[in-house]
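Undergrad: So the protein sequences, as listed, match chains A and B. Using the numbering used here, you'd call the opening residue of the first sequence number 1 and step up by one each time. Using the numbering used here, you'd call the opening residue of the second sequence number 1 and step up by one each time.
Hints may be right or wrong, so weigh each one.
Just the calculated beta-carbon pair ranges, DEER-fashion [claimed, not checked]:
1. B/Arg124 / A/Arg543: 54 to 64 Å
2. B/Val187 / A/Gly576: 51 to 61 Å
3. A/Gln270 / B/Ile180: 30 to 40 Å
Worth flagging that the hints you see were computed from the coordinates, not collected in a lab. Built from N, CA and C at the ideal position, the CB exists for glycine as well.
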Amino acid sequence: MADVIEPLTEDARHGPKRFLRRYVFSTDHRVIGIQYWLLALASVFIGMALSVLMRLQLGWPGGHFAVARFLFPQAAPSGGISPDLYLSLVTMHGTIMIFFVLTTAPQSGFGNLFLPAQIGARAMAFPVLNMLSFWLTFLSLLVLLAAFFVSAPNVIGPIAGWTMYPPLTALGEITGPGQGTGVVLWLLSISIFCVASLLGSINFITTVLRMRAPGMTPWRLPLTCWAWFTGACIALLSFPVLLAAGILLLADHLVGSHFFIPASEYVNGQLMTADASGSPILWQHLFWFFGHPEVYLAILPGMGLTSHLLSTFARKPVFGYRAMVAATVGIGLLGFLIWGHHMFASGMSPYASAAFSLLTLVIGVPSAVKTFNWLGTIWRGRLRLTTPMLFSLGFVSLFVSGGLTGLFLGQAAIDIPLHDTYFVVAHFHLIMGVAAVFALFAGTYFWFPKMFGRMMSERLGRLHFVLTFAGVYATFMPMYLMGIAGAPRRYAFHYNPATGEGLQYLAGLVPVTRFVSYAAFVTVAAQFLFVFNLLWSYWRGPRAAANPWQATTLEWSDVATAPVVHRGAYEFSVPGAARDFRMQDEPTASPSGQ
Amino acid sequence: MRTTVTTERAVKGATLGASAGRRGPGGGGKPPKPGGGDEPWPPGFTRDDAIEPSKFRVGMWVGMASILMLFVSLTSAYVLRQSQGLGDRRDWLPLQMPRVLWLTTALLLVSSMTIEMARRALRRNRFGWFRWLICLTTLLGLAFLAGQLRAWVVLVGQGVYVYSHPHSSFFYILTSLHAIHLLGGIVALLIVAVAAMRLRITRTKRNAVDVTVMYWHFMDVLWVYLFVLLFFWKQ
Numbered sequence: 001m002a003d004v005i006e007p008l009t010e011d012a013r014h015g016p017k018r019f020l021r022r023y024v025f026s027t028d029h030r031v032i033g034i035q036y037w038l039l040a041l042a043s044v045f046i047g048m049a050l051s052v053l054m055r056l057q058l059g060w061p062g063g064h065f066a067v068a069r070f071l072f073p074q075a076a077p078s079g080g081i082s083p084d085l086y087l088s089l090v091t092m093h094g095t096i097m098i099f100f101v102l103t104t105a106p107q108s109g110f111g112n113l114f115l116p117a118q119i120g121a122r123a124m125a126f127p128v129l130n131m132l133s134f135w136l137t138f139l140s141l142l143v144l145l146a147a148f149f150v151s152a153p154n155v156i157g158p159i160a161g162w163t164m165y166p167p168l169t170a171l172g173e174i175t176g177p178g179q180g181t182g183v184v185l186w187l188l189s190i191s192i193f194c195v196a197s198l199l200g201s202i203n204f205i206t207t208v209l210r211m212r213a214p215g216m217t218p219w220r221l222p223l224t225c226w227a228w229f230t231g232a233c234i235a236l237l238s239f240p241v242l243l244a245a246g247i248l249l250l251a252d253h254l255v256g257s258h259f260f261i262p263a264s265e266y267v268n269g270q271l272m273t274a275d276a277s278g279s280p281i282l283w284q285h286l287f288w289f290f291g292h293p294e295v296y297l298a299i300l301p302g303m304g305l306t307s308h309l310l311s312t313f314a315r316k317p318v319f320g321y322r323a324m325v326a327a328t329v330g331i332g333l334l335g336f337l338i339w340g341h342h343m344f345a346s347g348m349s350p351y352a353s354a355a356f357s358l359l360t361l362v363i364g365v366p367s368a369v370k371t372f373n374w375l376g377t378i379w380r381g382r383l384r385l386t387t388p389m390l391f392s393l394g395f396v397s398l399f400v401s402g403g404l405t406g407l408f409l410g411q412a413a414i415d416i417p418l419h420d421t422y423f424v425v426a427h428f429h430l431i432m433g434v435a436a437v438f439a440l441f442a443g444t445y446f447w448f449p450k451m452f453g454r455m456m457s458e459r460l461g462r463l464h465f466v467l468t469f470a471g472v473y474a475t476f477m478p479m480y481l482m483g484i485a486g487a488p489r490r491y492a493f494h495y496n497p498a499t500g501e502g503l504q505y506l507a508g509l510v511p512v513t514r515f516v517s518y519a520a521f522v523t524v525a526a527q528f529l530f531v532f533n534l535l536w537s538y539w540r541g542p543r544a545a546a547n548p549w550q551a552t553t554l555e556w557s558d559v560a561t562a563p564v565v566h567r568g569a570y571e572f573s574v575p576g577a578a579r580d581f582r583m584q585d586e587p588t589a590s591p592s593g594q
Numbered sequence: 001m002r003t004t005v006t007t008e009r010a011v012k013g014a015t016l017g018a019s020a021g022r023r024g025p026g027g028g029g030k031p032p033k034p035g036g037g038d039e040p041w042p043p044g045f046t047r048d049d050a051i052e053p054s055k056f057r058v059g060m061w062v063g064m065a066s067i068l069m070l071f072v073s074l075t076s077a078y079v080l081r082q083s084q085g086l087g088d089r090r091d092w093l094p095l096q097m098p099r100v101l102w103l104t105t106a107l108l109l110v111s112s113m114t115i116e117m118a119r120r121a122l123r124r125n126r127f128g129w130f131r132w133l134i135c136l137t138t139l140l141g142l143a144f145l146a147g148q149l150r151a152w153v154v155l156v157g158q159g160v161y162v163y164s165h166p167h168s169s170f171f172y173i174l175t176s177l178h179a180i181h182l183l184g185g186i187v188a189l190l191i192v193a194v195a196a197m198r199l200r201i202t203r204t205k206r207n208a209v210d211v212t213v214m215y216w217h218f219m220d221v222l223w224v225y226l227f228v229l230l231f232f233w234k235q
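All chains should be modelled from the sequences, with the hints used to inform the complete structure.
TA: This is the structure:
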C-alpha cells in the first residue's frame with residue numbers, strides 16, 4: 001500500500017464531496033489539469049478528423065468520400081469536398097489545433113497537474129479562478145464548435161484561415177460562405193479563450209512566485225516549472241493583444257466601424273466602402289504580435305519536459321542547467337520581437353524586414369543552446385529507452401528538422417517565394433505541431449502513473465512511437481520538397497489527374513501528394529493505439545509504484561510531511577551516493593545520501 | 001517516514017487549510033515561518049496553508065499587467081488608425097468632448113482619495129470610518145459610470161454613433177472596456193462593503209480590501225490616461 005500511488009479517484013484530499021463538486025466543478029488543480037487534458041484530447045481528434053478530409057481531397061481531388069458525407073451531411077451531401085468546404089476545414093483544423101490542443105494541453109493541462117506538485121505547493125494560488133479559467137476554455141470550445149452547425153450550409157466555419165485576415169473577415173457573408181456568423185463565432189470563441197488564458201496565467205505566475213516550498217529556490221526549480229512560468233508570462237502579455245484585435249474586428253464586423261477596412265474595397269464586384277481608411281495591416285501586426293509568442297507558448301512546455309525527461313532517463317544531470325534557464329527566458333523575450341517575419345509577404349519597409357530577419361536568426365541561438373544541451377545531457381548517459389524517453393528523443397529530432405528550416409524562412413528574401421507554399425506548412429507542423437504533440441505524448445506516458453495510478457503499456461507505447469515517428473516524417477518531409485517545387489498552400493487541390501484541371505507544373509507531384517496522404521492516414525490510425533493504450537491501462541494496467549521512473553522531483557515524493565527542498569532537480573548518478581538518484585526533498589543526512 | 005500513505009498528508013493539510021484565516025476580526029493564527037531554506041516546517045503545514053497576503057498582491061500586479069497590455073495594444077491601434085485617418089483619405093473627425101467627462105474624471109479622482117482613506121482607516125482599525133468611506137467610494141464609482149453613460153447619451157444626441165468615424169468608434173470601445181473593468185472593481189467594493197456592514201473584517205477580507213484599493217487606483221490612472229489620449233493627444 002505504501003508504495004502504491006493513490007489514483008485521483010480515491011484521494012480524500014479535500015474531504016468527501018458530491019460528485020459534481022469533486023469531478024466537474026472542482027477547484028482541485030489536478031482535476032482541472034485532467035479536465036484540460038481531456039479537452040485537448042477530444043479536440044485533437046476533431047482536428048485530426050478534419051485533416052483526414054483535407055488529405056483525402058488533396059490526394060484524390062474531386063472524389064466522393066463516404067467519410068465526408070458521414071461527418072458533414074449538410075456541407076458535403078455527395079461526399080465531395082468543395083473549395084469553400086476545404087477552406088473552412090483548414091480554418092477549423094488550425095484554430096482547434098493551435099488554441100485547444102497546443103495551447104491548452106502542455107501549459108494548462110500538464111501545468112495544472114504538476115506545477116504545484118513540483119514546487120511543493122498543495123494547490124494553485126487561486127483555485128476558484130482556476131476553475132473559472134477551465135470552464136471559460138470549455139465554453140470557448142463550444143462556441144467554436146457551434147460554427148460547425150450554424151455557418152452557411154455548404155461550409156463548416158469561416159473560410160479565412162486561422163489568422164482571420166481582414167478586410168474579408170470584416171465584411172460579412174458577401175465575402176464568402178461562413179464569413180458572417182462563422183467569423184462572429186470564431187471571434188467570440190477566441191475572445192473568451194483569451195480571457196481564460198489570462199486568468200490561467202495570473203494563477204501560474206503567482207503560484208510560482210509565492211507558493212514554492214521552503215528551500216525551492218529559483219535555481220532548484222525543475223526545468224518544466226521554468227518553462228511553465230515563462231509560458232505563463234508569454235500568455236499574459238500576448239493574449240491581451242489578440243483580445244484587443246478581436247474586439248476591434250468584432251466591432252468592424254457587427255457595428256460597422258472601419259478599423260481594418262481600407263478605402264475603395266471591392267468584393268465580388270461590389271464597392272463595399274467608399275470613404276474609409278482603415279488598415280488591414282494593423283490586424284496583421286496585432287495578430288502576429290500575439291501569434292509569434294503563441295508559437296513559443298506551445299513549444300516551451302515541451303522543451304522543459306524534454307529536458308526533464310532526457311535527464312531522468314539518461315540518469316544524468318541536465319547539461320548546463322543555468323544555460324537552459326537562460327535559453328528558456330531568452331526565447332520568451334525574443335519571441336516578442338520577431339512577429340514581423342510572418343508579414344514579409346504582406347510587404348514592409350526593407351529596414352523593418354532586415355531588423356525582423358536579424359532578430360529571427362538571433363532566436364536561433366537560444367534554440368541551439370537548448371539542442372546542444374539536450375545532446376550533452378544524453379551524451380554517454382545510461383539511457384533507459386522507455387516510451388516517454390523515445391518521445392523525448394523524437395521531440396529533439398523534430399525540433400531540429402523543423403527548426404533548421406526556420407533559418408531559411410527567417411530571411412525575407414527566401415521567405416517571400418516560399419511563404420505561401422507547402423514549405424511553410426512542413427516547417428510549422430514539424431516544429432510547432434508535431435514536436436509539441438510529441439512532448440504531450442511523452443508527458444502522458446511519463447505522468448500517467450501519477451494521474452491514474454497505473455502504468456501504461458510499454459509494448460503498445462513503443463509501437464505507437466515507431467509508427468508515429470515514421471508517419472510524421474513521411475507526412476511532412478515531402479512537403480518541404482513540394483514547397484520548393486512551388487506547390488501553393490491553402491489550395492483545395494493542385495492538379496487533378498482525372499480531369500487535367502489545376503496547375504500543370506505540379507502534375508508530376510501527384511504521386512508525392514498521394515504518398516503524403518497515405519502517410520497521414522497511417523499516422524492517424526496509429527493514434528488509436530494510443531487511445532486504446534490509455535483506456536486499457538486505465539482499467540487493466542499494472543499498479544504503479546510510488547516512483548516508477550526513479551525521478552527526483554517532488555511530485556513523486558511520498559514523504560508524509562510538507563516538502564522541504566534540499567537540492568536541485570537533477571541529481572542523478574551522484575558519486576558516492578547509495579542510489580543513482582536523490583529526491584529533491586530527501587534530507588541530506590539520510591542514510592542513502594552522502 | 002517514507003512508509004506513510006500519501007493521502008494522510010493530504011487530509012491533515014486540508015483540515016488545517018480550511019480553518020486557517022477565518023478566525024474573526026484581527027486575523028487568524030499565522031503558522032510559524034521557518035528562518036532558512038533547509039529548516040523544516042512544523043509537520044502539517046505547507047506554504048499555502050499559511051495565509052499569504054502577498055499572494056493576492058502579486059496576483060493583482062500580474063493581472064494589472066495584462067489589463068495594461070490590452071490598453072497598450074489598443075493605444076497602438078489608435079495611434080496608427082489616427083495617422084491613417086488624417087492622411088489623404090481623411091475620415092478621422094475629432095469628437096467634441098462631452099463636458100460631463102470633466103465631472104466624471106473629478107468623481108473618479110475623488111473616489112481614489114476616499115478609498116485610500118478607507119484603507120488607512122482599516123489599518124488603524126477605525127471600522128466606522130472604514131464603512132462610510134467604502135460606501136462613499138462605491139457610490140462615487142456608480143456616479144462615474146452614470147456620468148459616462150450621460151456622455152454617450154450626449155454624443156448620440158449629436159448623431160455620433162459607434163460606426164460614425166474612427167474616433168467615435170475608439171471612444172465608445174475604450175470607454176466601454178474601461179467601464180467593464182471598473183464594474184469589476186465595483187463588484188469587489190460591494191463585497192467589501194457588505195462585509196464592512198456586517199463588521200466581518202477577517203484577515204482574508206483585509207487582503208481583499210488591499211487588492212481592491214490597488215485595482216481602484218489602477219482604474220483611476222487608466223481613465224485619466226484614456227481621457228488624455230482621446231481628447232488631448234494630437235498627432
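Undergrad: Using the Cβ atoms, figure out if B/Val187 sits within 51 to 61 Å of A/Gly576.
TA: holds, 59 Å
Undergrad: Take a look at whether the Cβ-Cβ distance between A/Gln270 and B/Ile180 falls inside 30 to 40 Å.
TA: 36 Å Cβ-Cβ, so the 30 to 40 Å window holds.
Undergrad: That 54 to 64 Å hint for B/Arg124 and A/Arg543 (C-beta), does it hold up?
TA: holds, 59 Å
Violated hints for the displayed structure: none, as all numbered hints are satisfied.
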